[in-house]
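Enquirer: Here is how the chains run, residue by residue.
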Amino acid sequence: EAGVAQSPRYKIIEKRQSVAFWCNPISGHATLYWYQQILGQGPKLLIQFQNNGVVDDSQLPKDRFSAERLKGVDSTLKIQPAKLEDSAVYLCASSLGALDTDTQYFGPGTRLTVL
Amino acid sequence: AQSVSQHNHHVILSEAASLELGCNYSYGGTVNLFWYVQYPGQHLQLLLKYFSGDPLVKGIKGFEAEFIKSKFSFNLRKPSVQWSDTAEYFCAAPNHAGTASKLTFGTGTRLQVTL
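Chains as they are written, first to last, in our numbering: chain A, -10 to 104; chain B, 37 to 151.
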């Protein structure tokens, strides 16, 4: 079974530039998550989708971050404009459903460096 | 809202030593708990999970964790560590905010096993 795919794996940009990350979840997984992991911290949830609808985006900085999941499969996360503090690893995860008992499977992440 | 704390930030052990990593959670109701591991250069993967029933949970690679409700703890243990256990370990629990069930992670414990 193929895992969660993410691209690019690494990205270096200058502040105020824009950047986009792509995620392809495990086939059949209805729930998709984007996490931000800053160095030395645990992952923090940014947004959760159930199919193509947003379930929780309470921790997404909506003035600069946006995400979409068209057709309920792939998802993109965009930052515009980027700030220095956005340097982090952006993880995508998926699960069959949104129950507490559903295991989340993580992708390899995209490491973003903002200069 | 659920919160999870890990008090050991960096642990160094010799091979064959016993391991115990601490994890405490805050929510006193129905609790689901997870331990995830991130090996160097690899993505986050599930080590073990607790939903209900037997408080002693066994996971992959000889790891186990014990859910102690009275102590709000879910410590990870392994009787004899190997060099290949060098990794970062995260405790996590779903946050019951709103209708979403998002995963809240601890700050992680970096385990270094020396030969």
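Derived from the structure by calculation, the hints contain no laboratory data.
Be aware that a few hints might be false.
[Stated by the list, open to error] Calculated cross-link-like contacts (lysine-lysine; reagent style BS3-like; alpha-carbon spacing at most 27 Å): (1) A:K4 to A:K60; (2) A:K33 to A:K60; (3) B:K97 to B:K107; (4) A:K4 to A:K51; (5) B:K107 to A:K67; (6) A:K33 to B:K85; (7) A:K4 to A:K67; (8) A:K51 to B:K105; (9) B:K85 to B:K114.
Note that the structure is a prediction, hence the values are computed from the model and not measured.
Enquirer: The structure should be examined with respect to each hint, and the outcome stated for every one.
Expert: Going through the hints against the structure:
1. With a C-alpha separation of about 31 Å, the suggested pair A:K4 and A:K60 falls outside the 27 Å cut-off, and the hint is violated.
2. Taking the CA atoms of A:K33 and A:K60, the gap is near 25 Å; set against the 27 Å cutoff, the hint holds.
3. At most 27 Å may separate the alpha-carbon atoms for a hinted pair to count; B:K97 and B:K107 meet this at roughly 26 Å.
4. As the CA atoms of A:K4 and A:K51 are separated by approximately 17 Å, the hinted pair is consistent with the 27 Å bound.
5. Among the hinted pairs, B:K107 with A:K67 is inconsistent with the structure: their alpha-carbon atoms are about 41 Å apart, more than 27 Å.
6. In summary, the hint linking A:K33 to B:K85 is supported, as the alpha carbons are separated by about 19 Å, within the 27 Å threshold.
7. Distance hint between A:K4 and A:K67 is fulfilled; the C-alpha atoms sit about 14 Å from each other, no more than 27 Å.
8. Restraint check for A:K51 and B:K105: not satisfied, since their Cα atoms lie roughly 38 Å apart, outside the 27 Å limit.
9. Distance hint between B:K85 and B:K114 is fulfilled; the C-alpha atoms sit about 15 Å from each other, no more than 27 Å.
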